[in-house]
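What follows is the residue order along each chain.
Protein chains: 2
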Amino acid sequence: MTQKNSHIITAEPGGLAILMTRVFDAPRELVFKTCTDPNLIPQWWGPEKFATTVEKMEMRKGGLWRFVQHGPDGGEYAFNGVYHECLSPERLVYTFEWEGMPGHVLLETVKFEEYEGKTKMAVTSVFQTVEDRDWMLKSGMEEGSVETWDRFAELLTKV
Amino acid sequence: MTQKNSHIITAEPGGLAILMTRVFDAPRELVFKTCTDPNLIPQWWGPEKFATTVEKMEMRKGGLWRFVQHGPDGGEYAFNGVYHECLSPERLVYTFEWEGMPGHVLLETVKFEEYEGKTKMAVTSVFQTVEDRDWMLKSGMEEGSVETWDRFAELLTKV
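As you go down the protein sequences, you meet chains W and R in turn.
Quick note on our numbering: the first sequence kicks off at 18 and runs consecutively.
Quick note on our numbering: the second sequence kicks off at 18 and runs consecutively.
Given that identical chains are not distinguished, each listed pair holds provided it fits within a single copy or across any two copies.
Calculated lysine-lysine pairs in the DSSO-like style (CA-CA distance at most 30 angstroms, straight line): (1) Lys-73 to Lys-175; (2) Lys-50 to Lys-128; (3) Lys-50 to Lys-78; (4) Lys-175 to Lys-50; (5) Lys-135 to Lys-66; (6) Lys-128 to Lys-155.
Bear in mind the hints are in silico, worked out from the structure with no lab data behind them.
Because the structure is a prediction, the values reported are computed rather than measured.
Could you put the whole structure together from the sequences, leaning on the hints where they help?
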């Protein structure tokens, strides 16, 4: 388990899931809107040293999404998936695939809950195999996740 | 673990997945084609006492599917999802949701492998929570799965 401020990541040994929760000091509507605005994605999605391009973000059932990260060394890392559900401002359910490992797909569910003006976001990622899940953990995903959502929290203070 | 003929279902206690494998005595192209033909779905999908209607089956990335089962008592049970990948004749990846429990989504991966003229099909279903997975197991899914794929095996001898 990784914990930094309100950012908690859990991944049970031998399991298929990675769970992340974080509390943002903003109302749910604003958190959802900021999180799903394609124009804002480049300002928080992924590590800061990568420039992210939103190629597609069709936020509806069956819509496709594709983001490309451009690394400082010129490398490109593309990610894509399809939306199963976009229920504003409550829930997102979509598939996620890194194109560097085609065929290895995960299902992500993002839930937004508001209490006392703050919003708790819970992201559940379930993988097809434990190997895929563990590969993601070893890829530096935990540090990347903290940086991503730190950037998002910072952005929330400005929108 | 349930095993009947070549039909094997495994679900680790406390886990998020249900795995099903089955060997069909037919070449992979035929198994894939039969499995993905909307006109044939009513002949094998689900228990025989239910009449299944294919409302949508858009077999491409981002395509939607929706099947409705009409029970002998007049009840209707609808299922839907989106296709993440349709790679003929190798692999299907799609989401699956029973409309009786909206928001509870699973990711299914179906792999088709051929050896010596037979085809091994492996279906991996991963759920968002252990509770959802266990609910599916308790719902009679195992018996339903055996009946479904028995019907499919029978159909394969006729197509």
